[in-house]
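S.K.: Could you build all of it, start to finish, from the sequences and the hints given here?
Protein sequence lines correspond, in order, to chains A and B. Numbering of the first sequence is given in our numbering, commencing with residue 1 and proceeding in unit increments. Numbering of the second sequence is given in our numbering, commencing with residue 1001 and proceeding in unit increments.
No wet-lab data here; the hints were simulated from the structure. Be careful, since some hints might not be right.
[Stated by the list, open to error] Here are a few chain B residues that sit away from chain A, every Cβ distance over 10 Å (derived from the structure): (1) Met1001; (2) Ala1025; (3) Lys1044; (4) Asp1071; (5) Ala1080; (6) Ala1108; (7) Ser1148; (8) Gly1213; (9) Gly1256; (10) Pro1327; (11) Phe1334; (12) Gln1349; (13) Asp1367; (14) Gln1407.
[Said to hold, decoys possible] Covered stretches of chain A (chain B as the covering partner; in silico rule of three or more C-beta atoms under 8 Å from a C-beta of chain B): (15) 63-70; (16) 185-197; (17) 240-249; (18) 355-369.
[Said to hold, decoys possible] Across the chosen pairs, the derived CB separations fall in these ranges: (19) B/Asp1169 with A/Glu341: 25 to 35 Å; (20) B/His1120 with A/Met1: 52 to 62 Å; (21) B/His1340 with A/Gly241: 23 to 33 Å; (22) B/Gln1183 with A/Pro354: 30 to 40 Å; (23) B/Leu1409 with A/Thr235: 13 to 23 Å; (24) B/His1340 with A/Thr63: 45 to 55 Å; (25) B/Gly1256 with A/Asn2: 31 to 41 Å; (26) B/Asp1287 with A/Asn2: 18 to 28 Å; (27) B/Arg1365 with A/Val35: 55 to 65 Å; (28) A/Pro33 with B/Lys1405: 24 to 34 Å; (29) B/Pro1033 with A/Ser361: 28 to 38 Å; (30) B/Ala1329 with A/Ser320: 48 to 58 Å.
Using N, Cα and C, we set each Cβ at its ideal position, and we do this for glycine too.
One-letter residues, chain by chain:
2 protein chains.
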Amino acid sequence: MNIALAGLGTVGCGVIRLLQQNAAAITARLGQPLVIKAVSARDKTKTRLCDLTGITWVEDAMTLAHRPDIDVVVELIGGAEGTARQLAEASLKAGKHFVTANKALLAAHGVALARLAEEHHVFMGLEAAVAGGIPVIKTLREGMAGNSVTVVRGILNGTCNYILSRMRDAKLEFHVALQEAQQKGYAETDPAADIDGHDTANKLALLAALAFGSEPDLKTVYVEGIRGVTPLDLTFAEDLGCRIKLLGNARLTAEGLEQRVGPSLVMETSPLAQMDGVLNAVLLRGDFVGDLMLAGQGAGAEPTASAVVADLMDRARGLSVKTFGVPVAHLKKFPAVEAHEARYYLRLQVMDKPGVVADISAILRDDAISIESLLQRGKSATQSVPVVMTTHAAEWGAMRRAVEKIQQLPTIVEKPCLMRIED
Amino acid sequence: MNIALAGLGTVGCGVIRLLQQNAAAITARLGQPLVIKAVSARDKTKTRLCDLTGITWVEDAMTLAHRPDIDVVVELIGGAEGTARQLAEASLKAGKHFVTANKALLAAHGVALARLAEEHHVFMGLEAAVAGGIPVIKTLREGMAGNSVTVVRGILNGTCNYILSRMRDAKLEFHVALQEAQQKGYAETDPAADIDGHDTANKLALLAALAFGSEPDLKTVYVEGIRGVTPLDLTFAEDLGCRIKLLGNARLTAEGLEQRVGPSLVMETSPLAQMDGVLNAVLLRGDFVGDLMLAGQGAGAEPTASAVVADLMDRARGLSVKTFGVPVAHLKKFPAVEAHEARYYLRLQVMDKPGVVADISAILRDDAISIESLLQRGKSATQSVPVVMTTHAAEWGAMRRAVEKIQQLPTIVEKPCLMRIED
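M.R.: Given below as structure tokens:
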């Protein structure tokens, strides 16, 4: 099988190294070699961590779509538009199989691309787009293919997981932990896509589409990042027997589809709570298989290359599976549900005056929210003190309304921190 | 695609329920229905938890292999010999695809059956044979297909994991926890296959074959069960920051292949340690993907049915993968290595006399084993007391020799308990 590769960043070079290093085993497994015939990248002169000897260099990536010696085009350029999108469309239209690690492209144009793949009877591989080397797309699309899936929940961003783990373990402030992550190469110079939850949202939209056989719908994903989490929250969470994780959470019920990204309290006894550092982990719930948990390295050249090559090998082995598990014509559109009932964690920074808790409690009561526990730490006549409470299961709308009202109280001195508690 | 099903126990009925309940979704995913055409089981009159309306009942299972209206034969009879083996051979020879949940059959005759599948250009599905609904075989054979795998380690027997979890949580003696497991239906009336480790050994031999591209080799698996584990060991393990799990452990190094089943101490911080109750969990290590962890329900009608149906859907989607990932001609035979160096946990029941520890230490020293920690609990002039020690990394041969000598000491009043500590 002959392969063209567009984009020679860390993942592209990882793919070339893998195919070279494990060539003999791969050929034995497939009964044929996987051959990189041509590559294209922006800068030919750049020093790269892979050996391009014997591989044709192509200046214009778009020509890869039309080479008669190519069976599969691998796109590792990135970005929802531009060359990545054009190459995807041209390759599929030219009848090439297409493998990509581009979550932004797929979350934005996945349905159109899947339709092209169907029309031209080719395979589209996207394992590398979510959770690096963890075979979560394979598990949803194939391993659980006989199930009705109702829940997808996961730690899908290693950067945020690293930052939250370090804040907890070393009692670091958010900006210090972020800086450390940047120094270690776990976070970008502009970290917004990671820490504000958008990267997780892209991945969640893709996983939800695969899980529920629906069109990826990025617009209805509720997104919150981790900038508002403080070391105090991590300590309080621990007192409650929980860890704080940035979760992507998609749930399908009779009312519709909920998609939500936000920092959440996870019970310490849950396997998701144990996944620290840059690890990713996903929980998938099927009606027959029950709960499956997959965990591993969610990013990096080697794990992502492993996922790209798995897609290539699937294709070489004749697998013919629709991009989102079902033909595009069967993809559903579920009504977007804002959020199902859940328990919440609320931290307020209040002036320590008599009646403060009474005011807060009254607002919650008026919105039919019942308090499960309330914790006030420290006492100070002049400075503010934190009050932390957890609620019984409450509606998201009511919870948000109540917090808005609480925020107006003159005794509240900081933006409240509201997080969902996952059971 | 037309299916014949032999064996209508809990799993067989689970497969029928799944195919009926999720028929519409499965047809949409495949573009064709999965149809159970014929079934066979020992007793036609038995009341079953599935609806056989419209399905042909066949008295002699062997005839399923030769029906022209059948594409795939599913074997859920069980046992390494007898009808299960004959049906497998006849089906493959007749050019039928073959799906089985029968680990004993595969561990004993997997290579011969894989050869038949190759000769007759048919697919053999075995996902249900290991770890129930967890897609561990798919992950090894496909998801990690580009990797060189070096470690497979897992909790592969839910019965043992339940017993060990209950012994720890409720401070139960082994026989009490076993009885409880039997009452709950988690353990058989004759529990030997589970608690003596043979079930885990069958599964480990299959996973090792898939991971390393080698012939399953059950004979060289070192097997120890959990009968010797006491509540005291669970308490000591906790003091050491560990949990006790029955692990199947296969490791490939330049020296050869180690396959080992036995109760082991697992660091509490390791995700395997957190998998309690009847859960199964597997850690897989690849040279590019790093460590992957999969966890879920390892047994039961529904999860196992999910795995059987995943195999059927893979076949319907054209997947053509060799049974053990590579053609039979490429399967390797690695030299069996007894065990790699590891740290050990040793519990001795000793008479509380001066010089006891000195005698034990001297024996360990003579076998070049160095003690990492030593703990003696309680003091008694008349009764025996436990002494627990952990060692630095030591050779298995030396460790075993030393324990045999220690066992001869007149001050040792019980069979020593020796377990490996997994890092």
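S.K.: None of the hints should be skipped; say for each whether it holds.
M.R.: For each hint, the structure was consulted:
1. For B/Met1001, the non-interface assignment is confirmed: its Cβ lies about 13 Å from the closest Cβ of chain A, beyond the 10 Å cut-off.
2. At roughly 6 Å, the least C-beta separation between B/Ala1025 and chain A is not larger than 10 Å, which violates its mark as non-interface.
3. The beta carbon of B/Lys1044 sits about 26 Å from the closest Cβ of chain A, which is more than 10 Å, so the claim that it is off the interface holds.
4. For B/Asp1071, the condition that its CB be more than 10 Å from all CB atoms of chain A holds, with the nearest at approximately 16 Å.
5. Its beta-carbon lying about 26 Å from the closest one in chain A, B/Ala1080 satisfies the requirement of being farther than 10 Å from that chain.
6. Here B/Ala1108 stays apart from chain A, with its beta-carbon at least about 24 Å from theirs, past the 10 Å limit.
7. Its beta-carbon lying about 6 Å from the closest one in chain A, B/Ser1148 breaks the requirement of being farther than 10 Å from that chain.
8. Residue placement check: B/Gly1213 does not keep its beta carbon more than 10 Å from all beta carbons of chain A (closest about 7 Å).
9. At the 10 Å boundary, the C-beta of B/Gly1256 stays outside the reach of chain A, the nearest C-beta of that chain being 18 Å off.
10. In this structure B/Pro1327 is not separated from chain A by more than 10 Å, as the shortest Cβ-Cβ distance comes to only about 7 Å.
11. The Cβ of B/Phe1334 sits about 14 Å from the closest Cβ of chain A, beyond the 10 Å cut-off, so the non-interface label holds.
12. Residue placement check: B/Gln1349 keeps its beta carbon more than 10 Å from all beta carbons of chain A (closest about 33 Å).
13. No Cβ of chain A approaches the Cβ of B/Asp1367 within 10 Å, the least distance being about 37 Å, so the stated non-interface status holds.
14. B/Gln1407, annotated as away from the interface, keeps every beta carbon of chain A farther than 10 Å; the closest lies near 38 Å.
15. Figure legend: the region 63-70 of chain A, annotated as covered by chain B; annotation inconsistent (0 residues with Cβ-Cβ distances under 8 Å, at least 3 required).
16. With 0 residues having a Cβ less than 8 Å from any Cβ of chain B, the region 185-197 of chain A misses the three-residue criterion, and the hint is violated.
17. For the region 240-249 of chain A, the stated coverage by chain B is not satisfied: 0 residues place a CB nearer than 8 Å to a CB of that chain, which falls below the threshold of 3.
18. Only residues whose C-beta sits within less than 8 Å of a C-beta in chain B count toward coverage, and the region 355-369 of chain A has 0 of them, not enough to reach three; the restraint is violated.
19. Distance hint check: the CB atoms of B/Asp1169 and A/Glu341 are about 30 Å apart, consistent with the given range 25 to 35 Å.
20. The hinted window of 52 to 62 Å between B/His1120 and A/Met1 is violated, with their beta carbons roughly 25 Å apart.
21. For the pair B/His1340 and A/Gly241, the supplied restraint of 23 to 33 Å is violated, since their beta-carbon distance comes to about 37 Å.
22. In this structure the supplied range 30 to 40 Å is violated for B/Gln1183 paired with A/Pro354, their Cβ-Cβ distance being about 56 Å.
23. Judged by the Cβ atoms, the range 13 to 23 Å given for B/Leu1409 and A/Thr235 is violated: they are separated by roughly 50 Å.
24. At about 51 Å, the CB distance of B/His1340 to A/Thr63 agrees with the hint of 45 to 55 Å.
25. In this structure the supplied range 31 to 41 Å holds for B/Gly1256 paired with A/Asn2, their Cβ-Cβ distance being about 37 Å.
26. Taken as a hint, the range 18 to 28 Å holds for the pair B/Asp1287 and A/Asn2, whose Cβ atoms sit roughly 24 Å apart.
27. In this structure the hint that B/Arg1365 and A/Val35 lie 55 to 65 Å apart at CB holds, the actual value being about 58 Å.
28. Checked against the hint of 24 to 34 Å, the C-beta distance between A/Pro33 and B/Lys1405 comes to roughly 55 Å, which is inconsistent with it.
29. For the pair B/Pro1033 and A/Ser361, the supplied restraint of 28 to 38 Å is violated, since their beta-carbon distance comes to about 57 Å.
30. A hinted range of 48 to 58 Å is violated for the C-beta pair B/Ala1329 and A/Ser320, which are about 27 Å apart.
When held up to the earlier numbered hints, the structure conflicts with 2, 7, 8, 10, 15, 16, 17, 18, 20, 21, 22, 23, 28, 29 and 30 and fits the remainder.
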